[in-house]
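Here the protein sequences come in this chain order: A and B. If you want the working numbering, it's the 1-based position in the first sequence plus 892. If you want the working numbering, it's the 1-based position in the second sequence plus 892.
Think of the hints as simulated: they come from the structure by calculation, not from any bench. Hints should not be assumed to be uniformly reliable.
As the list claims (entries may be wrong) - If you only want the chain B side, here are some residues facing chain A, beta carbon under 10 Å, derived:
#1 R977
#2 G1000
#3 T1028
#4 F1034
#5 M1058
#6 G1063
Every residue gets a Cβ at the ideal spot worked out from N, C-alpha and C, and that includes glycine.
Now for the letters of each chain:
There are 2 protein chains.
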Amino acid sequence: MGAACGPEMIVDPDAVRAAVLAARDQGRRVGFVPTMGALHAGHVSLVDRAAAECDDVVVSIFVNPTQFAPQEDFTRYPRTPDADRTALAGCRVRWLFAPRADDIYPPGWCTRISMDGPASRFEGEHRPGHFSGVATVVCRLFMAVPADRAYFGAKDWQQTLVVRRMIRDLGVPIGIVVCPTVREPDGLAMSSRNVYLAPADRRRATALWEALGIAARSWDAGHVPGAIERSMRGHLESRGIAVDYAAIVDAESLGPVEPAAPAVALVAGRVGGTRLIDNLQLPARSMRNE
Amino acid sequence: MGAACGPEMIVDPDAVRAAVLAARDQGRRVGFVPTMGALHAGHVSLVDRAAAECDDVVVSIFVNPTQFAPQEDFTRYPRTPDADRTALAGCRVRWLFAPRADDIYPPGWCTRISMDGPASRFEGEHRPGHFSGVATVVCRLFMAVPADRAYFGAKDWQQTLVVRRMIRDLGVPIGIVVCPTVREPDGLAMSSRNVYLAPADRRRATALWEALGIAARSWDAGHVPGAIERSMRGHLESRGIAVDYAAIVDAESLGPVEPAAPAVALVAGRVGGTRLIDNLQLPARSMRNE
């Protein structure tokens, strides 16, 4: 529905809410893909997954100011509305929800959602206020788009934990689906920020994926987390990347690795002037080798 | 419905949500009265108003730990489940939602809603964290009880502003109805905490209502806010009340009184060991006398 002539554009949160509720009243399952635009193949994979699982798909595009710290790249974050429409042209999207800042943060806005737990470490340490901004805008978007399911990319693994925790703690009635990271042929995770990379930095940026490969092999070989972390960091630094963190932690709590539980390798660093993150799930293993 | 044999008791948030949504799907308007129990005539007036305006009424009873500061009266706050059922016996309540603490704050809970603006002054200053706890639990309750309207008492005037701000900022789809304060014959505002008052303190507690009467007369006579505040404070102190605040402010922003806008007189103080609050709406007036 709507695919032939492109999605219906909606700016007003009340209007998209009414449209979604009307569809659900008709027994249609609605999927939601919240984005900040600058769409790439990773976003398209989320939309395709939503279209495969749902009757109607809503994509939102909103560059959320509250998840950027003052010195970060909010003003220069890529805004590509025409290319975004092109990227979605082949997708089965019914509604494109593109609110204005005032629709999301009305005059006098002063309410924030904040979190400890999964938001505390890693991105939470290196981007103070980031996850509060994420939790706040995602909650607001979920109120506007009361879908059955929302789709997020595993590339922002910690964000998926923050969103899951927020909806559980506040009881927001929506399901979360986490989809695999989509990568460039050389392994670099798709990111709207990759356009910032100068050619030499673009080549060096593969070091994140290489570090995750090192982690996967070391994990399979039974190495202890601390040793794997040192290997990852060493590789990243050898490629001239300023490492924010390179960690092996429990995949759910982001605390120390638990016996026989899935873990995750997390990396973040600056490649030239561009900050990139990536991660890789590590299957549960016996701890007897440690 | 359900009045003859009393309301249906529901503990599970998902169950009350399903019941409310099923009623609304049938075209029924649902009203919600969130309470901390220890029900008095003020609560009953909210329930009666909800019953007059709605097809079905949900009353929740949950003594919310996160809105009490550590040194406050959470543990001794009155819990009167049998009396609460008696108080509601004459009311048309369909569901009585009484979640356990774990239903509202699941294991690992770490998400809070916080606010500046209307939450900053007065109760926000004297009860740090109080309004964050209120906003958080009210949002959680609204997710569990997706009613058309929720009913709050004007006695907690600042709380009504905080709740309105929260639902506006997060886009929570519910209407807020604020109902007049119900008073004892001598003017004392109904409060679950009035049971704490020893007889002598109970008599002195009327000073709050008397101070509000002074404010109303002075306001009508055109006195400036500062002078009215001094009169209120003087009266409260003359009756041995330890004043937290006695203020004349804009009724919506709680900032300085605006010309030709409604104002509110706010008082709070400790009578013996019991902290009481009260307020009175003051109609918009011309500022030319000031």
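**OP:** Output the numbers, in ascending order, of every earlier hint that fails for this structure.
**Re:** 1
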